[in-house]
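Peer 1: The residues making up each chain are set out below.
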Amino acid sequence: MTDTPTIPARATASGFPDYPMPRAARCPLDPAPGLRELQVEVPITKVRWWDGSTPWLITGYADHRALLADPRISADSTHPSHPPRAAGMREGHQKHGRPFIRMDDPEHARLRRTVTAPFSIKRAEALRPAVQKMVDGLIDDLLAGPKPVDLVEAFALALPSLVICEVLGVPYADRGLFHESSRLFVDRDADPQQAAEADQRLLGYLDRLIDEKLASPGDDLMSEVAARIEAGELSREEARRVAQLLLLAGHDTTGNMIALGTLALLQHPDQLAIVRETDDPAVIARAVEELLRYLSIVHVGHPRAALEDIEIGGHVIRAGDGLLLPAETANRDPAVFAEPDRLDITRDARGHVAFAFGPHQCLGQNLARVELQVVYSTLYRRIPTLRLATSLDQIPFKHDGLVYGVHKLPVTW
Amino acid sequence: MKVTIDIDKCIGAGQCVLSAPDVFDQRDEDGLVVLINPTPSAGQAADVKHAAALCPAQAIIVED
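As given, the protein sequences belong to chains E and A, one line each in that order. If you number the first sequence the way our numbering does, the last residue is 413 and the count never jumps. If you number the second sequence the way our numbering does, the last residue is 1064 and the count never jumps.
One chain only, chain E, in its complex shape (with noise of 0.2 Å):
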């Protein structure tokens, strides 16, 4: 899809232009165009931040996977040039802590490595079939249920709930508290005030769950997080950041990519017959890739800071320079996937980098990739008339969201 870019990619009032910038209206599923004439015209370059900061916006594939690789660069969101992404962030961040996504290596590692072993492929490919029970039973209610029905709520978001849940051993029932700090977690106007008493009550939560699981151990990840308590390998307050970094990444986003996923799909027919009538893995591990590149949901740039110096494509960035590295241009760059805003549910996509790059890559991307290929592999081939119950004009984008998506999906068959 193309459209006339209808926003100035340059000259605005401070000399650089707004970032981030709107999508045009009729292609919500392609970067902003104002944003694709940057990367043609000037692939590094500075942009205006929401707090009148300055960084720089890089948009190539190979130099955003040569920043985020590159330990010069800083993901300490309470480093003085770090991009916060919303207001009061750093000063939070520094007064109550901080999931280890901000933070560097060693400290980074230390903490990442105490949960990797779960998100390892075996584990993720065990949960397969607990992940496809699920599913089904989602697809037998909404099959039972009223039509059209919004497909967010009764199954996008539901699934990856019921698997976090199950997974960290959190009760299912509880899931109201940490969809509402999940909404506050990527929602970019989130009132600071209101978003520091959110997490406050999250962190109080997850205390009385490690209280649970050091008494009665369960089989499940929280049980594994308290237990490295008890061993001294991590503080009571490293615990409970994990525990909430766990609950919270993996939720938003799958949901995000099973709506928007389905949208894509529903919007290109022949692609979504491909994915229908396949009886191959294969096959739907491909469109997978090929979704994640074409939708980079995680849409709003990887924000760091520069420690030292850095040379690059003709530039310097020097140390204490911010910076802001968009998966969805980096995805859509033609030097490295050909005609990238076509979505070929066929090409080899797996370079992509909608689960970043660099030692902050996704840990949980094993298991997002379990669920959305039972996903895929099984809504449509279910409910084979699934079709949207709205005009593509009618549906509410999260144009404000760090994480892009639908807030509602209306369904019918």
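Derived from the structure by calculation, the hints contain no laboratory data. Cβ coordinates follow ideal geometry from the N, Cα and C atoms, glycine included. One should not assume that every hint holds.
Said to hold, decoys possible - Think about it this way: if two alpha-carbon atoms lie no more than 27 Å apart in a straight line, the pair counts; the simulated DSSO-like pairs of lysine-lysine are:
| no. | chain 1 | residue 1 | chain 2 | residue 2 |
| --- | --- | --- | --- | --- |
| 1 | A | 1002 | A | 1049 |
| 2 | E | 122 | A | 1049 |
| 3 | A | 1002 | E | 122 |
| 4 | A | 1009 | E | 122 |
| 5 | E | 408 | E | 398 |
| 6 | A | 1049 | A | 1009 |
| 7 | E | 408 | E | 133 |
| 8 | E | 408 | E | 147 |
| 9 | E | 133 | E | 122 |
Unchecked claim - Derived DEER-like restraints, expressed as beta-carbon distance ranges:
| no. | chain 1 | residue 1 | chain 2 | residue 2 | range |
| --- | --- | --- | --- | --- | --- |
| 10 | E | 136 | A | 1008 | 38 to 46 Å |
| 11 | A | 1043 | E | 197 | 57 to 65 Å |
| 12 | A | 1043 | E | 70 | 29 to 37 Å |
Given chain E, put chain A in place with the hints provided.
Peer 2: Relative to the frame of chain E, chain A by itself:
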């Protein structure tokens, strides 16, 4: 072809296991990489190179 790994860099993302499951595995205790076969055959070379290119931590070194 000779493959070496830098375990200190590994983050357990598992991309290598997805790309070349006959050459790489993950440890049960922490999900970090295990090199099953440090001298892959010519038939495995393309998959191993792909694994090295995809590794987010750039922990795989391939020598022809």
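Peer 1: Hint by hint, say whether it matches the structure.
Peer 2: These are the hints, each one checked on the structure:
Among the hinted pairs, residue 1002 of chain A with residue 1049 of chain A is consistent with the structure: their alpha-carbon atoms are about 11 Å apart, no more than 27 Å. Annotation: proposed proximity of residue 122 of chain E to residue 1049 of chain A holds, straight-line Cα distance about 22 Å (limit 27 Å). Our distance criterion of 27 Å between C-alpha atoms is met by residue 1002 of chain A and residue 122 of chain E, whose separation comes to about 25 Å. For the hint pairing residue 1009 of chain A with residue 122 of chain E, the CA-to-CA distance comes to about 21 Å; that is within 27 Å, so the pair holds.
In summary, the hint linking residue 408 of chain E to residue 398 of chain E is supported, as the alpha carbons are separated by about 10 Å, within the 27 Å threshold. Proposed proximity of residue 1049 of chain A and residue 1009 of chain A is supported: the alpha carbons are some 18 Å apart, at most 27 Å. A C-alpha spacing of about 24 Å is found between residue 408 of chain E and residue 133 of chain E, which places the hinted pair at or below 27 Å, so the restraint holds. Pair hint residue 408 of chain E plus residue 147 of chain E holds up; C-alpha atoms about 14 Å apart against a cutoff of 27 Å.
For the suggested pair residue 133 of chain E and residue 122 of chain E, the alpha carbons sit about 18 Å apart, so the restraint of at most 27 Å is met. Residue 136 of chain E and residue 1008 of chain A have their C-beta atoms about 43 Å apart, which keeps the hinted 38 to 46 Å range intact. At about 58 Å, the CB distance of residue 1043 of chain A to residue 197 of chain E agrees with the hint of 57 to 65 Å. Between residue 1043 of chain A and residue 70 of chain E the CB atoms are about 34 Å apart, so this pair conforms to the stated range of 29 to 37 Å.
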